[in-house]
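Peer 1: Following the hints, position chain B against chain A.
2 protein chains.
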Amino acid sequence: MPPAARIATFDNDGTLWAEQPIYFQFAFALDRVKALASGHPEWQTRQPFKGVLEGDMKAVTATGERGMLALIAATHVGNTTDEFAQAVSSWMASARHPRTNRPYTAMVYKPMLELLAYLRANGFKTFIVSGGGVEFMRGWAEQVYGIPPEQVIGSRARMKYELRSGVPVLRRLAEVDHIDDKAGKPVGIQQVIGRRPIAAFGNSDGDFEMLEWVTSGPGPRLGAIVHHTDAAREWAYDRGSSIGRLERGLDEAAARRWVVVDMKHDWKQIYPDEAKQ
Amino acid sequence: MPPAARIATFDNDGTLWAEQPIYFQFAFALDRVKALASGHPEWQTRQPFKGVLEGDMKAVTATGERGMLALIAATHVGNTTDEFAQAVSSWMASARHPRTNRPYTAMVYKPMLELLAYLRANGFKTFIVSGGGVEFMRGWAEQVYGIPPEQVIGSRARMKYELRSGVPVLRRLAEVDHIDDKAGKPVGIQQVIGRRPIAAFGNSDGDFEMLEWVTSGPGPRLGAIVHHTDAAREWAYDRGSSIGRLERGLDEAAARRWVVVDMKHDWKQIYPDEAKQ
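Going line by line, the protein sequences match chains A and B. Convert by adding 440 to the 1-based position in the first sequence; the result is the number in our numbering. Convert by adding 440 to the 1-based position in the second sequence; the result is the number in our numbering.
It is possible that part of the hints are untrue.
Same chains, same label: a pair holds when it works inside one copy or across any pair of copies.
Calculated lysine-lysine pairs in the DSS-like style (CA-CA distance at most 30 angstroms, straight line) [unchecked claim]:
| no. | residue 1 | residue 2 |
| --- | --- | --- |
| 1 | LYS565 | LYS550 |
| 2 | LYS622 | LYS600 |
| 3 | LYS622 | LYS704 |
The set of hints was computed from the structure by calculation and includes no laboratory data. Remember, predicted model here, so these are calculated numbers, not experimental data.
Chain A with its partners taken away, still in its complex shape (with noise of 0.2 angstroms):
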């Protein structure tokens, strides 16, 4: 393939680190919950803030979709980019995994590193297309992926440009702006690569249509699912999961000739810093 053909696209959670037992992003807003609570003295009593102060999970889940996209809102917009990354980064330097007390961005996993430096090593330039946010995922994905920012796709909130006492900032809006998850994602692959990738990796029938979409190209293409099959190292799931679900892209991986990575048995190991097993 010429030099500019050779572009890979990875969906990020799941596929790139790990995604249990909460999306890593969801882990992030329920700590700024908690760090912003002074300023919301009606989170104590309103659902479901109140669940996440208390540490009532149940409660935050029994508000469904509804609750989720409010906890996302109060901790994900208003502020500026740069205010934004700051949080992020700030969370990401103490945050530690509930399981394995890593750090999140030990949580990544060390076949998909090396897949990305194999790639690179041979003139492909490496994109994440994840469903996660992309101003959440580019403070740190150069450093632990050697992705940068302008590599990164995700879903985006709608930003303002305006100026504060004569600075210039954008303001991240309580708008959705993209959302790139399922169909979703050829369009943001567009949107910002403005051409068909050769290669596409996911774990969830979220990244179904980039897998479609990159496979169905002229030329020799490549598709691959991860599949979470290691309950002991890692996690094992894949129908009826409500995180990673995977069921139309096991049914017709064969037919589609998309590769399908057993973690359990193909991975000798998962994290960089672990012994190998």
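Peer 2: Chain B only, in chain A's frame:
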């Protein structure tokens, strides 16, 4: 500056190539009305299409902004990204500028090509940030400017991913997704690049906010304006021009320490295929 910070953004119309007597993308729209007219008998009697088909530009102009949007909608959307790219490519191969009879891609500015090459030789990533349509530019920007599709930012129609007889396509909808002009330029930069460039180049007040955003960051910054002062070799226009109006930029350039490039006096040669004057 560290290599990762070396990002430079360039407006396109009037900064990298000419924009007179009409935006070249508008010339494409006019030619495309003629090319598509046989499938649209109603255009024979409806403005602004009637005016385009009869060469009556006064009638076209009389329809105002509403008419311009009707022309763009009729010629730019409803197709797939692949179909549109093909239409642009065919047009670019055969269309000629009305004054110089050059291909439009030969109406680029040699000193700006040299600047792009100089910055890249010094580790910069160069991006286009244009009010023009991103899909209009991507097909030829790499060959003409050395700028790949993923480094082109522009105005966008919304897109929808769908299957046509089982084959996935991205259909361009008749809805605006992003207008990459004025305060939309810093927003487009953040959406795609995700960090603030350290150098920006423009020519009109449509570039004002981009120049302001780029040059108000910390550390060394460069903002520059191409001032069209050469009525003999190119065009001379600024204040009050309907295309490429430049007023606030001229008024504030000195106070903001933006470089104003005087085309007539500073550029020995304008187009690449022209003898030095």
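Peer 1: Evaluate each hint against the coordinates.
Peer 2: Quick rundown of the hints versus the structure:
1. LYS565 / LYS550: both (19 angstroms within a copy, 29 angstroms between copies)
2. LYS622 / LYS600: For LYS622 and LYS600, the Cα distance is within 30 angstroms both inside one copy (26 angstroms) and across copies (12 angstroms).
3. LYS622 / LYS704: within (26 angstroms within a copy, 52 angstroms between copies)
Hint violations for this structure: none, all hints satisfied.
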